[in-house]
Amino acid sequence: MEKIMRIPGEYVIPHEAIPEVMSRISVSPEDNFACVERTEAMYTTYWASAGELSPFFLAVMKQKKIIGARCPKCNMVICPPYMTRCPVCQKEDFSLVDLEMGVEMPQVGYMLGTPPITVFANARFARYAPFGRGRVILGESQSALPIQVFTTTGFLRPGIFKAGTKVKVIFRKSRMGFSTDYFAVPLEEVPEKLRDKKGVEETALKWKSQELSEPPITETYKKQFPKILQTVNKFVAAIAKSPRAQSDLTNWARKILVKTGGGKFALILDKQRIKLVKEKISRPDLVLVMEDPNRLVGWTNGDSIVNMIRTGAAGVNNLQDMETIFKLDRLHRSIRRDAEEKGGR
Amino acid sequence: MRKVPKRKVAIVGAFTTPCRARWLSKTIWELGQWAVSGALQDAKLDISRVEGGAIGLYNDIFARQAIPECSFLGHMGLAFKPLVRVTNGGATGIYTFMVAHDMVASGRHDIVFCVGTEKATDTYDFMSETQTPEVVQTIAWSWDPLFERDQGATAADSYGEVILSYMDQYPHDLKMPIRGELLRILCEQAKSNPNAQRRDEIVTLERVENSPWIIEPAFRKLETCVYTEGACCLIFASEGVAEEICNDTGQPPIWIEGLGFANEPYWWGIQHPHKLPGRIESDHLAANIAYEMAGIGPRDINVVELHDAFLPQLEITMAEMGFVPLGQADDLIEKKIMAPHGQLLVNPSGGLIYGGHFVGGSNMFSAWSARRELIRRGLDYALIHGTGASSSQYGGVAILKRGVV
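Chains as they are written, first to last, in this note's numbering: chain E, 3 to 347; chain Z, 310 to 714.
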């Protein structure tokens, strides 16, 4: 047995995901019934073997190769080699034909379809966001290799990867036998000298990160700013009258600095309320930047900040705290629904 | 060759609980028993006459118990009788329907329960202090653990990839104004379903267009199904017994005329035996098998209760089932096929997006609604559809016909 590889400090179940042993008494709103709620977990941990599929992961880890399998009878090639027998072909004794394993695949291929992009990942995957996850056809393979897709040009937006986009498989510097040891980037983003090279590692590419620039202050926006602040203030004040909105903010505390082309302010989320603060705040948890402050008025009318970030109309300094933005986006609908119910629509 | 069961089977009783985002005051056992009790009442049936049953329980994690069906038997009045647990991804409900049908059609039993129940939102993510990430993560455990799950495959990806690849092939279909109109109709229809989860919502095209993308341009937040806690019970009886029960209740038997099922392979590729991009072939195959068994076609159907996990998938599935051509799913509205613009009632319950989606029993909930519409409106044929599993692999279709008392 070789020595154990590990990522120090990283756990299969993040510590912050594990609740203490707790209980509480909650009253069901439907029937006013007092209920006991307890924290529970169903968990199982594994030393999970990749078994007969191990050669695929070993080839990635040790040789930076992608391997597939071929049926000697029908010539079907599959990558990844997710099984060891052809499900179509049989031998004379009626058993299934064994695939020839270890067929080395090319490392340039094309996307089978447009991959979905996850901008707002849950905690397990937040460190990768934004990422796409699609399927790539390599060489003669009839099956597609599931693969994460990234761009070297910054924020991954729809349109960079489409069905048929040529991609190159790139390997992580540290490879531990997971399907995240490799990923794909558009071939056109790979320097020409590396395109035909096999086993290219992530460090051989130039990665541009998303930069948050200070929005330029304009006279027009500056003039509009006080009225916009009033609108935002009125909106966040409505949370006090909306049980749904308060529930959206349960157990959540953040200091958010909002920088716009009209000026700055802060939103303080605490105790199921949001307070608008015009004064400077120290050490914000999150910075939200947008050139046009009128977009905030849009937000108070139901526009999504998530969409603004996606389209580049706004930015945040920490994509891993998107949960806060989700919560801000939920508020309008919650306030509206409570108001509609109260007013009998 | 047309395959006909040994005996005809009818739905003679049905009950569904109200759909709620969370039933804080009810456990999964109580929801299941409530549904059974209501169905017995609907069929005016002595529980001792029920000979067995099938129960749809989507997954053990939501149920907080491995082998959760073991607790249900006694609650359902089936002590010392057979109860089969079915789990088949999102299509658990329709596959439970098949098992319960076959228990009667085979001649083994005369009367059985077909139950589905779900409690999902006890799950809770202590990092975001909300339920949704944990619900979604639970579903995401269904991805292949070696080649896909570590890559961050989400529950939404499951249909997102299918829809995006359909859009690759048909870029001019699934237009947003059509999707907005479909959502408006579904939302309106939910208002006449007393058990619908989102009865108080108002949906406009503007609200749909402002809704955040979950996967761009596949679907937005308002186009996704809700998560629901609830239960539904149907009572199936054999020909001869069904008429006797229905004479007592005064409600017509709803005959199960056709059933079809097909599952696509897990792995995607460029040719069979792999799943192909841009298609939900399982829906196509299942519908054709069911039409053939019933001896009818899509033109004979009056009501469709379709498993609309995501709105664009509703359109694709309608095309796969032959109501509109592939690539022209927007014809549902543009060619006035779907009510209220046309004659065909699609998801009068509000569907899974506005009615509710308690996975183990969603397709029973659809059957409950279809039966209600057939009886209420005096219509002849309804089609029930279920889909599920990663990449919408599993498909099931049942065709119902209103009988006479």
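Simulated from the structure, these hints should not be mistaken for lab results.
Incorrect hints may have been included.
Claimed, not checked - Here are the computed distance ranges between Cβ atoms for each label pair:
(1) E:Lys199 - Z:Lys645: 49 to 59 Å
(2) Z:Phe389 - E:Lys164: 53 to 63 Å
(3) Z:Gly383 - E:Tyr48: 27 to 37 Å
(4) E:Ser25 - Z:Val714: 50 to 60 Å
(5) E:Asp198 - Z:Gln478: 28 to 38 Å
To be verified - Straight-line C-alpha distance at most 25 Å; calculated SDA-like pairs for lysine to any residue:
(6) E:Lys66 - Z:Asp459
(7) E:Lys164 - Z:Tyr575
(8) Z:Lys530 - E:Lys66
(9) E:Lys273 - Z:Met436
(10) E:Lys168 - Z:Pro480
All C-beta atoms, glycine included, are put in the ideal place defined by N, C-alpha and C.
Results for each hint:
1. The hinted window of 49 to 59 Å between Lys199 of chain E and Lys645 of chain Z holds, with their beta carbons roughly 57 Å apart.
2. For the hinted restraint 53 to 63 Å between Phe389 of chain Z and Lys164 of chain E, the CB-CB distance of approximately 59 Å keeps it satisfied.
3. Taken as a hint, the range 27 to 37 Å holds for the pair Gly383 of chain Z and Tyr48 of chain E, whose Cβ atoms sit roughly 33 Å apart.
4. For Ser25 of chain E and Val714 of chain Z, the Cβ-Cβ distance of about 52 Å falls inside the hinted range of 50 to 60 Å, so the restraint holds.
5. For the pair Asp198 of chain E and Gln478 of chain Z, the supplied restraint of 28 to 38 Å holds, since their beta-carbon distance comes to about 31 Å.
6. Between Lys66 of chain E and Asp459 of chain Z the CA atoms are separated by roughly 19 Å; this keeps the pair inside 25 Å, and the hint holds.
7. A C-alpha spacing of about 22 Å is found between Lys164 of chain E and Tyr575 of chain Z, which places the hinted pair at or below 25 Å, so the restraint holds.
8. Between Lys530 of chain Z and Lys66 of chain E the alpha-carbon distance is near 39 Å, which puts this suggested pair outside the 25 Å criterion.
9. Taking the CA atoms of Lys273 of chain E and Met436 of chain Z, the gap is near 17 Å; set against the 25 Å cutoff, the hint holds.
10. Distance check on the hinted pair: Lys168 of chain E and Pro480 of chain Z sit about 20 Å apart at the alpha-carbon level, within 25 Å; holds.
The earlier numbered hint that this structure contradicts is number 8, and it is the only one.
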